Amino acid sequence: MNVLVTGSKGFVGMNLCSVLRTMECIRILEFDCDNTFAELEAKLGEAEVIFHLAGVNRPKNEDEFKSGNAGLTEEICAILQRLGRNTKIILASSIQAKLDNPYGSSKLEAEQVLQAYADTTGARTVVYRFKNLFGKWCRPNYNSVTATFCHNIAHGLPVAISDPTRSIELTYIDDVVSALIGEIPSAEEELETGFAFGAELTAYPITLGELAGLITSFRESRQTLVLPGFDSPLVRALYATYLSYLEGEDFAYPLQVRTDDRGSLAEMMKSKAFGQIFVSRTKPGITRGNHYHHTKTEKFMVVEGDAVIRFRQINGTEIIEHRVSGKEFRVVDIPPGYTHHITNVGVGELVTLFWASEIFNPEKADTYFLQV
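Following the working numbering, the numbering of the sequence shown begins with 1 at its first residue and continues without gaps.
Don't read these hints as lab results, they were simulated from the structure.
Each hint should be verified, as a subset may be incorrect.
[Unchecked claim] Here are the computed lysine-lysine pairs in the DSS-like style, where the Cα-Cα straight-line distance is at most 30 Å:
| # | residue 1 | residue 2 |
| --- | --- | --- |
| 1 | Lys-296 | Lys-272 |
| 2 | Lys-299 | Lys-272 |
| 3 | Lys-327 | Lys-364 |
| 4 | Lys-299 | Lys-283 |
| 5 | Lys-9 | Lys-43 |
| 6 | Lys-272 | Lys-136 |
| 7 | Lys-136 | Lys-283 |
| 8 | Lys-136 | Lys-270 |
| 9 | Lys-327 | Lys-296 |
| 10 | Lys-131 | Lys-283 |
| 11 | Lys-364 | Lys-299 |
| 12 | Lys-299 | Lys-327 |
| 13 | Lys-136 | Lys-9 |
| 14 | Lys-296 | Lys-270 |
| 15 | Lys-98 | Lys-131 |
| 16 | Lys-283 | Lys-296 |
| 17 | Lys-299 | Lys-270 |
| 18 | Lys-9 | Lys-131 |
| 19 | Lys-98 | Lys-136 |
[Stated by the list, open to error] Simulated restraints on C-beta separations:
| # | residue 1 | residue 2 | range |
| --- | --- | --- | --- |
| 20 | Tyr-368 | Ile-161 | 41 to 49 Å |
| 21 | Ser-325 | Val-19 | 41 to 49 Å |
| 22 | Arg-166 | Gly-248 | 29 to 37 Å |
| 23 | Ile-314 | Phe-251 | 50 to 58 Å |
| 24 | His-322 | Cys-25 | 50 to 58 Å |
| 25 | Gly-316 | Val-19 | 52 to 60 Å |
| 26 | Asp-32 | Lys-327 | 14 to 22 Å |
| 27 | Phe-360 | Lys-283 | 48 to 56 Å |
| 28 | Ala-160 | Ser-357 | 34 to 42 Å |
| 29 | Val-257 | Glu-46 | 39 to 47 Å |
| 30 | Pro-254 | Ser-357 | 22 to 30 Å |
| 31 | His-291 | Cys-25 | 34 to 42 Å |
| 32 | Ser-357 | Ser-325 | 18 to 26 Å |
None of these values were measured; they are calculated from a predicted model.
Yeah, the Cβ is synthetic: ideal placement off N, Cα and C, and Gly gets one too.
Please put together the full structure from these sequences, using the hints given.
Right, dumping it as structure tokens:
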């Protein structure tokens with residue numbers, strides 16, 4: 001199927017095209033500001049579905065709103081009618097089409113042009129009124145506060161917030177792309193006709209102060225190691241977006257390593273929701289542990305070397321023993337009420353990955369030393 005994407009080099013267009021390229025049944029026809037109207041007409045003659053994403057939102061003068069939004073839509077519909085085609089069109093509009101401002105008025109006019117085209121030709125046309133979009137590849141310091149916050153915070157630059165209590169609604173680009181892809185009819189699907197609005201997409205309410213604070217916490221997590229709750233779809237999407245603004249040399253970062261005569265240990269990440277993860281290197285013949293917990297639980301997994309993990313119920317005498325090796329991925333659970341230790345019985349360094357069910361709190365460590 002031939003799918004035309006106008007504004008293919010814009011934020012939404014880039015994300016949409018990246019998914020369309022993975023679909024074997026799709027041939028993408030791209031149109032952007034570096035193409036001519038002759039090229040547009042040729043592509044319109046081939047297109048079976050049109051995603052009309054091109055538009056103007058930061059013009060040099062207000063007249064460009066009308067020409068870049070309503071005007072381009074009129075041109076597309078006129079060409080299709082001249083070619084005798086009733087191609088399905090999906091238009092990227094804005095929630096501002098409800099507002100009385102030059103940009104919103106131009107978007108509303110584009111919607112009306114699309115409705116007239118549908119009424120005249122019987123084509124299926126769908127309008128999506130997007131809210132504040134965010135996600136990878138969105139241009140910072142332009143018209144997206146999320147992109148600006150992510151870029152500036154990722155680069156150690158200040159962010160300006162005139163009113164931290166101001167609430168906005170954010171829509172994630174992946175949700176937008178999923179909805180747009182869903183507009184491509186299958187070969188077996190009976191084609192709908194007429195004008196319609198697309199389903200309202202998920203929008204996440206958040207204040208500007210909360211948004212800046214959350215993104216700042218992503219940057220600080222490299223020092224605190226504390227991650228936010230990824231059970232929130234908004235947090236997952238914002239964190240992915242923030243990482244996309246890092247420079248390549250900033251992808252990696254060091255951990256604080258604690259070293260003693262036994263080896264070394266470093267904490268990797270912490271969360272109130274899942275506890276913490278840390279890793280250790282232990283020298284041959286060295287034992288770590290000999291303590292127990294009342295509520296805290298742990299998991300041990302040796303990733304390199306050979307070890308023995310021993311347990312004893314604190315009120316008993318029986319020794320439970322598990323031999324583990326980096327040659328197999330095997331996890332050992334550490335139940336409460338069992339004193340335990342891990343000993344490097346190999347000839348080389350032992351590398352172990354640990355998980356604890358809670359973040360270590362020295363004032364309430366729930367760790368009691370007792371020889372196994």
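Checklist line | Hints not upheld, ascending by number | finding: Failing hints, ascending: 3, 7, 10, 23, 26, 27, 29 and 31.
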